[in-house]
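Asks: Under the UniProt record's numbering, the first residue of the sequence shown carries the number 1, and numbering increases by one thereafter.
To be clear, the hints were calculated from the coordinates, so they are not data collected in a lab.
Distance windows between CB atoms, simulated: (1) Trp282 with Gln25: 34 to 40 Å; (2) Glu130 with Ala276: 32 to 38 Å; (3) Asn62 with Arg266: 47 to 53 Å; (4) Gly286 with Lys64: 47 to 53 Å; (5) Lys238 with Leu287: 18 to 24 Å; (6) Lys238 with Ile5: 34 to 40 Å; (7) Lys225 with Ile5: 20 to 26 Å; (8) Leu290 with Thr33: 38 to 44 Å; (9) Glu118 with Ile271: 39 to 45 Å; (10) Val87 with Gly49: 20 to 26 Å; (11) Leu155 with Glu37: 44 to 50 Å; (12) Gly105 with Ile5: 24 to 30 Å.
Straight-line distance between alpha carbons at most 27 Å, and here's what the computed DSS-like set of lysine-lysine pairs gives: (13) Lys295 with Lys284; (14) Lys154 with Lys164; (15) Lys64 with Lys109; (16) Lys35 with Lys225; (17) Lys221 with Lys109; (18) Lys67 with Lys109; (19) Lys4 with Lys220; (20) Lys238 with Lys126; (21) Lys233 with Lys162; (22) Lys116 with Lys35; (23) Lys164 with Lys220; (24) Lys263 with Lys86; (25) Lys57 with Lys67; (26) Lys116 with Lys8; (27) Lys284 with Lys255; (28) Lys4 with Lys67; (29) Lys9 with Lys67; (30) Lys220 with Lys109; (31) Lys72 with Lys86; (32) Lys72 with Lys57; (33) Lys67 with Lys238; (34) Lys86 with Lys116; (35) Lys154 with Lys246.
Every value quoted in this text rests on a predicted model; they were computed, and no experiment measured them. For each residue, glycine too, the CB sits at the ideal point set by N, CA and C.
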Amino acid sequence: MNEKIYEKKLSIIILNYKTEKLTAQTIDAVLNTVKNEAYEIFLVDNNSGDGSLEHLKERYSNEKRIKFIANKDNVGFAKGNNAAIKVSNSEYVLLLNSDTIVYEGTIDKCIEYMDKNEQVGAMGPKVVLEDGSLDHACKRGFPTPSASLYYMLKLDKIFKNKEKYGKYDMSYLPIDEINEVDALTGAFMMVRREVIDTVGALDERFFMYAEDIDWCYRIKKAGWKIIYYPEVKMLHLKGESGKKRKYRTIYQFHKTMLQFYEKNYRQHYNIFVTAAVYAGVWLKCGLTMLVNVFKR
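With the hints as extra help, turn the sequences into a complete structure.
Replies: Okay, structure coming up:
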């Protein structure tokens, strides 16, 4: 049992990059729903340069629980969050996206669950999108070559509830039952400080995407459990479904998947599997860009 004394129970880290209104909405939801008073909020601005940091400082000038960190550059998701992780002193750390809204009890009940289950290294709630559907990133498997292939071929849709084919997003697990999973979304990830002291913070080599999966990979490898906790939920305002995305965003996502493969999987597979992985990822990237052309 960890006997370390902390200043706070929870440090909530919210990264802002030109999302002033969304960020304020996220902060307000936290302030209105969290009953445990032993928490703090770190608002990290990645050099937005649009006045949002100054406006947010003014808006919350009387809120002592909010601390501001201003990065001189847009350093990305991992490095931005790490800036707050390094200066915080709390039993738990919560990564919370600026495009989310937590509901009553979401954060408090996650704290209670982790207090009662010391083997849990990280956990997250049921995350829903604006249309009410599940954000599958909140309970997913690691993107192994086989899991990714079955997902690309949509075999998880053909052989529903089959673990072998549904490992990519763990579609075989009931969405309303507490379960151990491989990975959570960085949009809401509560992590035990003892875990961070053991495995380290987010890998700053990942600028955007995959840093949350990589963190979960290291956490599980160190022997901790990662829990999907649908007893509470959160709204994720992704706004991407059915809409045109920036091409560099599509490219960055697929590039990062290969970066994750190189770091965690390549040493376990031969050159032929690696060649197939690269071909498959770039093929999917091209097809995604093609489909994106016809979106509004």
